[in-house]
Amino acid sequence: MSHSESNIAIKVKNLVKRYNHILAVNDISFEVEEGTIFGFLGPNGAGKTTTISILCTLLSATSGNAYIAGYDCTKYPSEVRKSIGIVFQDSTLDKDLTAYENLVFHAYLYNVPKSEIKNRVESVLHFVNLYERKDELVKKYSGGMKRKLEVARGLIHKPQVLFLDEPTLGLDPQSRANLWDFITKLPKEHNVTIFMTTHYMDEAEVCDKIAIIDNGKIIASGSPEELKKIVGGDVVSITTKDNLYARKHIENLLKLEVLEKNNELYMTCNQGETCIPDLIRSLGDKVLSVKIQRPTLNDVFLKLTGKTIREDYAPESNSTKESIRAYRRKH
Amino acid sequence: MELNAVYVIVAREFKKFVREKSRLFSALARPLLWLFIVGAGISRLVPVESGVPYTQFIFPGILGMTILFSSIFSSISIIWDKEFGFMKEILVAPVSRFSIVVGKALSGTIVSTIQAVIILALFPFLGLKLNVIQISEAIIICIALSFCISALGIVIATFYESYESFSVIMNFIIMPMFFLSGAMYPVRMLPPVLQFVSKLNPLTYGIDAIKHVILPSIGGRMSYDFSFHTSLIVIITTSVIFVFFGAKAFERKD
Ligand SMILES: Nc1ncnc2c1ncn2[C@@H]1O[C@H](COP(=O)(O)OP(=O)(O)OP(=O)(O)O)[C@@H](O)[C@H]1O
Ligand SMILES: [Mg+2]
Chain A
1 MSHSESNIAI KVKNLVKRYN HILAVNDISF EVEEGTIFGF LGPNGAGKTT
51 TISILCTLLS ATSGNAYIAG YDCTKYPSEV RKSIGIVFQD STLDKDLTAY
101 ENLVFHAYLY NVPKSEIKNR VESVLHFVNL YERKDELVKK YSGGMKRKLE
151 VARGLIHKPQ VLFLDEPTLG LDPQSRANLW DFITKLPKEH NVTIFMTTHY
201 MDEAEVCDKI AIIDNGKIIA SGSPEELKKI VGGDVVSITT KDNLYARKHI
251 ENLLKLEVLE KNNELYMTCN QGETCIPDLI RSLGDKVLSV KIQRPTLNDV
301 FLKLTGKTIR EDYAPESNST KESIRAYRRK H
Chain B
1 MELNAVYVIV AREFKKFVRE KSRLFSALAR PLLWLFIVGA GISRLVPVES
51 GVPYTQFIFP GILGMTILFS SIFSSISIIW DKEFGFMKEI LVAPVSRFSI
101 VVGKALSGTI VSTIQAVIIL ALFPFLGLKL NVIQISEAII ICIALSFCIS
151 ALGIVIATFY ESYESFSVIM NFIIMPMFFL SGAMYPVRML PPVLQFVSKL
201 NPLTYGIDAI KHVILPSIGG RMSYDFSFHT SLIVIITTSV IFVFFGAKAF
251 ERKD
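Same order as they appear, the protein sequences are chains A and B. Numbering follows the numbering used here, with no gaps: position 146 of the first sequence is 146. Numbering follows the numbering used here, with no gaps: position 194 of the second sequence is 194.
Hints were generated in silico from the structure; no laboratory data involved. Note that CB positions come from ideal geometry on N, CA and C, so glycine has one too. It cannot be assumed that every hint is accurate.
Said to hold, decoys possible - Derived CB-CB ranges, DEER-like: (1) B:Lys21 to A:Ser223: 38 to 44 Å; (2) B:Met189 to A:Gly143: 56 to 62 Å; (3) A:Pro113 to B:Phe159: 45 to 51 Å; (4) B:Val197 to A:Leu23: 44 to 50 Å; (5) B:Arg252 to A:Asn215: 25 to 31 Å; (6) A:Lys75 to B:Trp80: 28 to 34 Å.
Work out the full structure, taking the sequences as your base and the hints as a guide.
What follows is the structure in C-alpha cells.
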C-alpha cells in the first residue's frame with residue numbers, strides 16, 4: 001500500500017533527545033497513518049514518554065524533526081497543540097474540581113464554542129459512562145474512573161491525534177479491558193489517530209502498527225502479526241508414547257528441530273495449523289496430546305533483546321513461560 | 001491573548017476560593033491579629049503624630065500584608081499544579097503563555113482584592129473617617145497592587161518545582177517583603193542598606209499609595225516616603241515587567 005503525505009498523522013525523523021549524558025531518545029524515525037492505532041512499546045526508561053513530550057510540544061528535541069498533522073512541532077507549537085489530545089502517564093486532573101468542571105475547564109482552554117460546550121461535555125461523559133457521577137469531586141473517583149475521565153477530556157476538542165501514555169497503568173484487569181474496549185472504538189467513532197505507549201505486551205495486540213523501543217532506539221516495527229514472524233513461527237509441543245521414536249521421526253521426515261523438556265517435545269513451525277496434521281500423520285497413534293502456542297509480542301521482545309519487557313512482569317501463564325524457555329534454547 | 005482561557009483560569013481559582021471558606025477565615029486571621037493585637041500593643045509606645053494614632057498608621061500596611069500573603073499564596077499554587085500534574089493540562093493547550101500568566105495574575109488579584117476589601121471595611125473601628133472617593137481610590141490601588149504582587153508570585157513560582165520550597169518562600173521572600181515595606185515603620189527610619197532593599201520592594205510603593213489616600217493628614221515622622229504618582233508608576237511598571245518575565249519563564253522548555 002502506498003499513501004500520500006496527507007494521510008500521515010504523525011511523522012518523526014531522526015529524533016534525538018539528550019539529557020546531559022543520558023540519550024533518552026536516540027535517532028528514531030517513524031510515521032503513523034491517519035485513523036490507525038500506533039503502539040509504542042518498550043520497557044521502563046526506554047524513551048516513550050520523552051518522545052511524547054516532544055511531540056506534544058512540552059519538550060524541545062536535541063535534534064531531528066517531528067510533525068503532527070503536517071505541522072512542525074518546534075515551529076508551529078500552537079497548531080500542533082490544537083490538533084492533539086493527550087492522556088499523560090501521570091494524572092493531570094484537578095482533583096479539587098468535579099469531573100464536569102474539569103471537562104468544562106478543558107473546553108474553554110481549547111476555545112470550544114460556548115453553545116457547544118454543554119453538549120460535548122455531556123456526550124463524552126456518556127461515552128465513558130461517568131455521566132451519573134459528573135458532579136462528584138475527582139478526588140473521590142477510583143483510579144479507573146480518573147483514567148476514563150482523562151481520555152474523555154482528551155476528546156472534547158475533537159483532536160486529530162490522541163496520545164495515550166500508559167493509559168491502563170495501575171488498573172485492574174477488568175478496568176483495563178473496559179478501557180481498551182472504548183479506546184479501540186475511537187478511531188472510527190471519533191475519527192482520531194491514536195498514539196499509545198504501554199509495557200503490557202498483550203495490550204499492544206489492538207494496534208495496527210507497533211514500534212518497539214529499547215534504550216532510546218526503535219529495534220523493530222510493523223503490525224503485530226509481522227512482528228511475531230520475527231520469532232519464526234508457532235511453538236508446537238506434543239507428548240507421545242515413545243519420545244525417542246517420535247523425535248527421530250520428526251527430525252527426519254518433517255525436518256524440524258526438536259527440543260525435549262519434561263517429557264514434552266517442542267518445535268517451532270511456520271504454520272502451526274498445517275504442522276499438526278503432518279505430525280499426527282507421521283506419528284500415528286503414538287501421539288498423546290498436542291499443544292500449539294502462538295508467539296506473543298513478549299516473545300518478540302525477548303527474541304530481539306534477550307530480556308522480557310518487564311523483568312518484574314510475570315507472563316500470564318506457565319505455558320507461556322515454557323514457550324519462552326523453549327525459544328531461548330532454540331535461538 | 002485568549003480571553004476564554006484567561007476567563008476559565010480565573011473561574012477555576014475563584015470556584016476553589018468560594019468552596020474553601022475556611023481558607024478565607026484563616027487568611028483574614030493574620031491581618032486581624034496584627035492590626036488589633038500587635039498594632040494595639042505597639043501603639044502604647046508610639047505617640048500620636050499629627051492626629052494619627054499608630055493603629056491608623058499601620059492600617060495601609062495591614063492592607064498591604066493581606067494582599068501580599070493572599071497574592072503570593074494564590075500564585076504559588078502554580079507549584080502545586082506542577083507537582084500534581086495539572087499544569088501540564090494547561091501547558092499543552094493551544095494557549096499563549098502570556099494568557100496563562102495574565103489568567104493566573106488575575107486569579108490572585110480577585111482573591112486578594114476581596115480579602116483586602118473585607119479588611120478595609122474595618123476602618124470605622126480604628127476611628128478613621130473615609131469618604132466614598134477615598135474608599136474607591138483605596139480599592140483601585142488594592143486591585144493594582146494585588147495584580148503586581150500576584151505577577152511577582154508567578155515569577156517566584158517558576159523557580160520552584162516542589163511544594164517543599166514553601167517554607168523557603170515564606171521565610172526568605174514573604175516575611176522580609178512585609179518587614180521591608182514601610183508597613184510597620186516608615187522606610188525613611190531604616191538604616192541605609194535596609195532602606196535600599198525596601199525601595200526595591202513593590203509592596204512598599206503600594207502601601208505608600210494607600211497611605212496617601214486614606215491618611216491624607218499624616219505628617220511628621222510618620223509621613224509618606226514617596227509621592228503618590230511615583231508609587232502608582234512603580235506599581236504599574238513592575239506589574240508589566242513581572243508579567244513579561246513570567247510569560248518568558250513559562251515558555252522555557254528543557
Ligand atoms: N527530565 C529529565 N531529566 C533527565 N533525564 C530524564 C528526564 N526525563 C527522562 N529522563 C531519562 O530519559 C530516559 C527515558 O525516560 P522516559 O520517561 O522517556 O521513559 P519511558 O519509556 O516513558 O519509561 P516508563 O515506561 O518508565 O514510563 C530515562 O533514562 C530517564 O531517566
Ligand atoms: Mg513513560
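Cross-check of the supplied hints:
1. B:Lys21 to A:Ser223: 38 to 44 Å: violated, 57 Å
2. B:Met189 to A:Gly143: 56 to 62 Å: holds, 59 Å
3. A:Pro113 to B:Phe159: 45 to 51 Å: Given about 38 Å between the Cβ atoms, the range is violated.
4. B:Val197 to A:Leu23: 44 to 50 Å: holds, 46 Å
5. B:Arg252 to A:Asn215: 25 to 31 Å: holds, 28 Å
6. A:Lys75 to B:Trp80: 28 to 34 Å: holds, 32 Å
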